[in-house]
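**Q** Chain by chain, the residues run as shown.
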Amino acid sequence: MEKRVVFKQKLLPYFLIAPQIIITLVFFIWPASQAVYQSVLQEDAFGLSRKFVGLANFAYIFTDETYLNSIYVTIIFSFSVAAIAMSVSLLLAAMADRVIKGATTYKTLIIWPYAVAPVVAGVLWYFLFNPTIGIVAIYLKLYGYEWNHSLNGGQAMFLVIFTAAWREISYNFLFFLAGLQAIPKPFIEAAAIDGASPLKRFWTITFPLLSPTTFFLVVMNVVYAFFDTFGVIHVITAGGPNYATNIMVFKVYHDGFLSLDLGSSSAQSVILMFIVISLTVVQFRYIERKVYY
Amino acid sequence: MKRFGLFLIMAVFVLGFSVTTAQAVTEINWWHAHGGRLGEKVNSIADNFNKLQNKYKVVATYKGNYSDTMTAGIAAFRSKNPPHILQVFEVGTASMMSARGAINPVYEVMGESGLPFDPNVYLSTVTGYYTTNEGKMLSMPFNSSTPILYYNVDAFKKAGLDPDKPPKTWPEVADYSRKLIKAGYSGFSTAWISWIHLENFSAWHNIPIGTKENGFGGLDTEFIFNSPLHVKHIQQLADWQKEKIFVYGGRRNLGNAKFSSGEVAMYTESSAGYAGFKKTCEFEFRTSMLPYWPEASGAPQNTIIGGASLWVMAGHSKDAYTGVATFFTYLSSPAVQADWHQFTGYLPITTDAYYLTKGQGVYEKKPGMETALKQMTLNKPTSNSKGLRFGNFVQMRGVVYNELEAIFTSKKTAQEGLDKAVKEGNKLLRKFEKANK
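Chains A and B are the protein sequences, given in the same order. Heads up, the first sequence is in this note's numbering, so the first residue is 1 and it goes up one at a time. Heads up, the second sequence is in this note's numbering, so the first residue is 1 and it goes up one at a time.
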């Protein structure tokens with residue numbers, strides 16, 4: 001206990017944490033409280049008439065088929081993005097860990113997509129898969145596969161998952177590679193001497209030792225898929241066709257900014273806020289404890 | 001150096017201040033949604049107006065697409081700093097109208113300014129959309145267009161069809177398409193499917209899209225675009241997909257590439273898309289009026305407009321409103337309108353501008369430009385064809401897109417899909433009614 005730093009002045013600590021507090025207040029607490037306030041009101045776009053409606057906005061969205069569908073879509077989307085992004089990046093990282101020649105080039109190339117903003121990534125893949133002029137779509141057609149994601153919900157979902165995961169693979173790769181390189185080599189060498197195959201060594205030694213990284217990435221990826229993929233959806237599908245890719249974040253934007261239905265949009269963002277809070281709690285409470293360090 | 005910089009800033013400040021006080025120019029802020037070449041044209045209109053007189057200065061600012069511009073205007077109003085003039089797309093009309101404290105209707109602004117203002121010089125098919133049932137003009141139409149049929153002349157020739165005889169009816173479109181398909185093309189596709197194949201479809205066949213004169217008669221309107229004719233048309237589109245007579249090109253005007261790349265030989269799109277196709281199509285194309293169903297007794301009636309109008313926002317000085325009125329008078333003058341019409345392909349808003357353009361022989365050189373006007377003015381608009389006015393209509397278009405996509409993928413029949421869209425739409429209308437009582 002004697003190691004604890006004690007400030008002599010009473011004001012200094014407050015002064016030092018002030019920037020953090022101010023930023024949190026201005027950029028999180030204030031808008032968040034505005035959202036909560038707005039979510040219990042029914043208001044026209046101009047703010048000319050304002051009426052307290054209690055939880056009516058919440059009641060409306062939970063009976064709204066489109067909203068329930070968007071929850072379902074979000075779950076499918078997020079977990080697919082996380083699963084694909086993580087498994088591919090783990091494979092790439094495991095490979096990169098063994099590469100000796102040209103390792104830097106290989107790593108640089110894999111990390112590259114992360115520098116691409118989600119919107120740009122969206123435009124890029126949208127062009128490649130454009131049903132009329134996209135090069136990939138044209139090749140698919142040559143092989144007899146009709147690609148039209150502006151009408152086919154499954155294809156649209158595949159395309160947004162693919163684009164979102166493509167970008168996230170780089171991020172995951174960085175963490176997995178760092179995680180792999182932190183695993184002490186003697187463990188693996190000892191297992192190798194005992195005659196364990198590379199695959200067995202990976203599943204019994206490397207993978208459990210990687211678990212902190214893996215669980216951290218699970219949470220990060222789900223959060224990414226929930227919130228940061230807005231640009232991808234916005235550019236490629238705008239939530240369509242027939243609500244097939246209408247994830248919750250996009251619906252908040254659509255209802256609030258395009259439809260100017262502030263009450264419903266705020267109620268939806270309050271729900272999203274609770275999802276983030278619970279994800280964070282899960283991360284710190286349970287996952288951090290159960291993971292083997 | 002640092003001090004010098006400070007001095008410079010001060011000097012600029014003082015100078016700028018003295019300049020504005022010396023001339024006492026009233027600034028009129030105009031927020032619009034035209035980027036690129038159209039944006040430059042908008043700026044030049046403002047500049048020309050500013051050069052013409054020295055009491056007012058119109059400052060045109062590009063605020064992004066239609067939704068962005070409207071949202072920006074609303075946000076500015078909420079923070080008590082709205083622009084004087086805000087460009088709002090046609091589907092935002094009902095929202096703007098209902099915001100009584102936020103807007104000053106154009107007829108009031110013009111009336112109070114004392115400037116001569118005759119609503120009859122405007123094309124009624126254009127202004128009707130923005131006018132109350134009592135004939136009072138609420139906003140100033142700016143850029144208006146209407147959907148027409150574009151067809152690929154080279155493809156027609158290849159398929160042995162006469163390019164001077166474009167299809168007039170939907171059954172003819174199907175016949176033509178079958179011949180075009182044999183020549184290696186697909187039939188037709190469309191942009192803005194909700195606007196063209198439901199909203200304009202209704203007006204063109206003289207059937208209502210909603211009760212209460214398409215919403216003009218009151219907020220308690222209800223959608224009724226699930227009539228047998230609507231269902232027949234949409235079901236036909238869905239069925240035609242199998243033969244490739246119809247190809248769905250996606251939302252908004254994403255399907256334009258299907259026409260310009262030569263995939264489909266016919267295409268329904270806004271008349272304002274003319275300039276774009278002129279640039280992107282490597283073949284000759286022409287335009288004609290929208291096809292109709294011959295069994296519909298009311299068809300062809302007239303089509304309705306899309307595009308945007310200029311709304312005057314509340315909360316400014318009387319002097320500023322006189323400035324706005326002066327600018328609107330300038331904007332409606334035949335020379336400005338004719339120039340705007342010829343440059344952009346949008347419809348002129350006054351009859352004088354139309355005759356001026358006709359007199360200049362422009363329509364002989366660009367016959368496509370007149371198709372839209374002829375179609376709009378084919379008959380005197382009825383209560384089914386003067387426009388539509390529904391609250392939450394931006395959302396409604398989204399609902400329609402989604403239901404149509406379900407129909408085109410055979411998840412629903414046209415009847416089921418349109419019934420659902422009507423049901424969801426009526427919910428949105430009730431919500432709007434409740435919020436605007």
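These are calculated hints, taken from the structure and not from any lab test. None of the values given here were measured: they were computed from a predicted structure. Beta carbons are placed, not taken as given, at the ideal position from N, Cα and C, and that holds for glycine. Please note that the accuracy of each hint is not assured.
Stated by the list, open to error - With a Cα cut of at most 25 Å, we get these calculated DSS-like pairs of lysine-lysine:
hint: 1; chain 1: B; residue 1: K136; chain 2: A; residue 2: K141
hint: 2; chain 1: A; residue 1: K51; chain 2: B; residue 2: K427
hint: 3; chain 1: B; residue 1: K41; chain 2: B; residue 2: K279
hint: 4; chain 1: A; residue 1: K101; chain 2: A; residue 2: K185
hint: 5; chain 1: B; residue 1: K179; chain 2: B; residue 2: K157
hint: 6; chain 1: A; residue 1: K141; chain 2: B; residue 2: K179
hint: 7; chain 1: A; residue 1: K51; chain 2: B; residue 2: K157
hint: 8; chain 1: B; residue 1: K423; chain 2: A; residue 2: K141
hint: 9; chain 1: B; residue 1: K179; chain 2: A; residue 2: K51
hint: 10; chain 1: B; residue 1: K427; chain 2: A; residue 2: K141
hint: 11; chain 1: B; residue 1: K51; chain 2: B; residue 2: K427
hint: 12; chain 1: B; residue 1: K244; chain 2: A; residue 2: K51
hint: 13; chain 1: B; residue 1: K80; chain 2: A; residue 2: K51
hint: 14; chain 1: B; residue 1: K244; chain 2: A; residue 2: K141
Claimed, not checked - Incomplete in silico selection of chain A near chain B, CB under 10 Å:
hint: 15; residue: L48
hint: 16; residue: K51
hint: 17; residue: G54
hint: 18; residue: S150
hint: 19; residue: G153
hint: 20; residue: S211
hint: 21; residue: T213
hint: 22; residue: T214
hint: 23; residue: D228
hint: 24; residue: Y243
hint: 25; residue: G256
hint: 26; residue: L258
hint: 27; residue: L260
hint: 28; residue: D261
hint: 29; residue: S264
What the hints assert, rightly or not - DEER-style ranges, computed between Cβ atoms:
hint: 30; chain 1: B; residue 1: T61; chain 2: A; residue 2: I21; range: 49 to 59 Å
hint: 31; chain 1: B; residue 1: N426; chain 2: A; residue 2: L91; range: 44 to 54 Å
hint: 32; chain 1: A; residue 1: A59; chain 2: B; residue 2: N426; range: 12 to 22 Å
**Q** If a hint holds in the structure, say so; if it doesn't, say that too.
**A** Right, here's what the structure says about each hint:
1. K136/B x K141/A: Given that 25 Å is the threshold and the Cα spacing comes to 55 Å, the pair is violated.
2. K51/A x K427/B: With a Cα-Cα distance of about 19 Å, the restraint between K51/A and K427/B holds, given a limit of 25 Å.
3. K41/B x K279/B: holds (18 Å)
4. K101/A x K185/A: Roughly 19 Å separates the two Cα atoms, so the pair holds.
5. K179/B x K157/B: Within the cut-off at roughly 11 Å; holds.
6. K141/A x K179/B: Measuring from Cα to Cα gives roughly 23 Å; hence the hint holds.
7. K51/A x K157/B: violated (63 Å)
8. K423/B x K141/A: violated (38 Å)
9. K179/B x K51/A: Violated, at roughly 60 Å.
10. K427/B x K141/A: violated (41 Å)
11. K51/B x K427/B: violated (50 Å)
12. K244/B x K51/A: The hint is violated at about 51 Å.
13. K80/B x K51/A: Between K80/B and K51/A the Cα gap is close to 20 Å, so the pair holds against 25 Å.
14. K244/B x K141/A: Holds: K244/B and K141/A sit about 15 Å apart, inside 25 Å.
15. L48: holds (5 Å)
16. K51: holds (8 Å)
17. G54: Interface hint status for G54/A: violated (14 Å vs cutoff 10 Å).
18. S150: holds (3 Å)
19. G153: This hint holds: G153/A lies near chain B, its Cβ roughly 7 Å from the closest one there, short of 10 Å.
20. S211: At 42 Å from the nearest chain B Cβ, S211/A fails the 10 Å test, so the hint is violated.
21. T213: violated (40 Å)
22. T214: With a closest approach of 37 Å, the T214/A hint is violated.
23. D228: violated (21 Å)
24. Y243: holds (5 Å)
25. G256: holds (9 Å)
26. L258: Result: holds, 5 Å to nearest chain B Cβ.
27. L260: holds (7 Å)
28. D261: holds (7 Å)
29. S264: holds (9 Å)
30. T61/B x I21/A: 49 to 59 Å: violated (36 Å)
31. N426/B x L91/A: 44 to 54 Å: For L91/A against N426/B, whose Cβ atoms are near 52 Å apart, the range 44 to 54 Å holds.
32. A59/A x N426/B: 12 to 22 Å: Holds, at about 19 Å.
In summary, the numbered hints that this structure violates are 1, 7, 8, 9, 10, 11, 12, 17, 20, 21, 22, 23, 30.
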